[in-house]
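Peer 1: Sequence:
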Amino acid sequence: METLHIELDPRGVARLTMTRPEVFNAFNETMIAELAQSMDRLVADPHVRLIVLAGAGKAFSAGADIQWMKRASEASQDWNLADARKFADMLQRIAHCPKPVLARIQGLALGGGVGLAAACDIAVASSEAKFAVSEARFGILPAVIGPYVINAVGPRQAKRLALTASRIGAAEALSLGLVHEVVEAEQLDAALERWIHELLQNGPAAQGEIKRLFAQLEVGLVTPEVRELTAQTIARVRLGDEAREGFAAFLAKRPAAWVPAAEASASKEGL
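Take the sequence shown: its position 57, counting from 1, is numbered 1443 in the working numbering, and each next residue is one higher.
Source of the hints: derived by calculation from the structure; they are not laboratory data. On a predicted model such as this, the values are computed, not experimentally measured, just so you know. Among these hints, one or two may not hold up.
In the BS3-like style, the derived pairs of lysine-lysine whose C-alpha atoms are separated by at most 27 Å in a straight line are [claimed, not checked]:
hint, residue 1, residue 2
1, K1597, K1472
2, K1456, K1516
3, K1456, K1444
4, K1485, K1597
5, K1472, K1456
6, K1545, K1639
7, K1485, K1472
8, K1545, K1597
9, K1472, K1545
10, K1456, K1485
11, K1545, K1456
12, K1485, K1639
Full structure from sequences and hints, please.
Peer 2: This is the structure we're talking about:
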């Protein structure tokens, strides 16, 4: 691939790294297509347990490549619509991936880079990271990333970030819920390893079920339809092979079959 690099370790942790550091991993048509293709590939690979999305160099992602935006401003309505749909489809692949997706954020996360972070399940940032929903500075709006930003921080804070386009630090991003943990830059990979360790203890099928169910639930009234959906889901999952193994492992006081050997040993040592 031209813009991405994929590594898969023996535990099933796939690292998907954006490799355009010369433009702070700003994305263009090629990167959007390759991100979508890579997510499909990693979802289909039974050896992949979870995915870490990262950026090479000093930045996570500066959002849209300015040359890509310039081409868009000079293209037709039909071209722009098709192009925007590809971007929306790529973000949807990340957000609805049945496997956990973590964002490793250093340096800048601007515009669409914030959208990438918000589409991931878990985001870990270095203390020097800066975030901005910056589209209004260019006379456009954060349309495609908007739903993911709203889901991450709530509608009022999302609107504030979009209207002002101001940069915020990692501490504020944490307080808003845009990221889940902030650590010093030299501790970023160690922090990610802690999250990875926790995720690998849990049933992969159960994690996929969690993501599918939670995507259907909204904050608000628990209607009869919601109650029935949740009851049907747990009744079905409890009868699965993974549930049987999970309960058997707990009762036998042993690691479940899905826990990689190295992770099981680390758990015994109190990692």
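Peer 1: So, for every hint listed, does it hold in this structure?
Peer 2: Hints, verified against the model:
1. K1597 - K1472: holds, 22 Å
2. K1456 - K1516: holds, 24 Å
3. K1456 - K1444: holds, 24 Å
4. K1485 - K1597: holds, 8 Å
5. K1472 - K1456: holds, 17 Å
6. K1545 - K1639: violated, 49 Å
7. K1485 - K1472: holds, 21 Å
8. K1545 - K1597: holds, 26 Å
9. K1472 - K1545: Holds. K1472 to K1545 sits at ~24 Å (cutoff 27 Å).
10. K1456 - K1485: At roughly 35 Å apart (the allowed maximum being 27 Å), K1485 and K1456 break the hint.
11. K1545 - K1456: holds, 25 Å
12. K1485 - K1639: holds, 26 Å
Of the numbered hints listed earlier, those contradicted by the structure are 6, 10.
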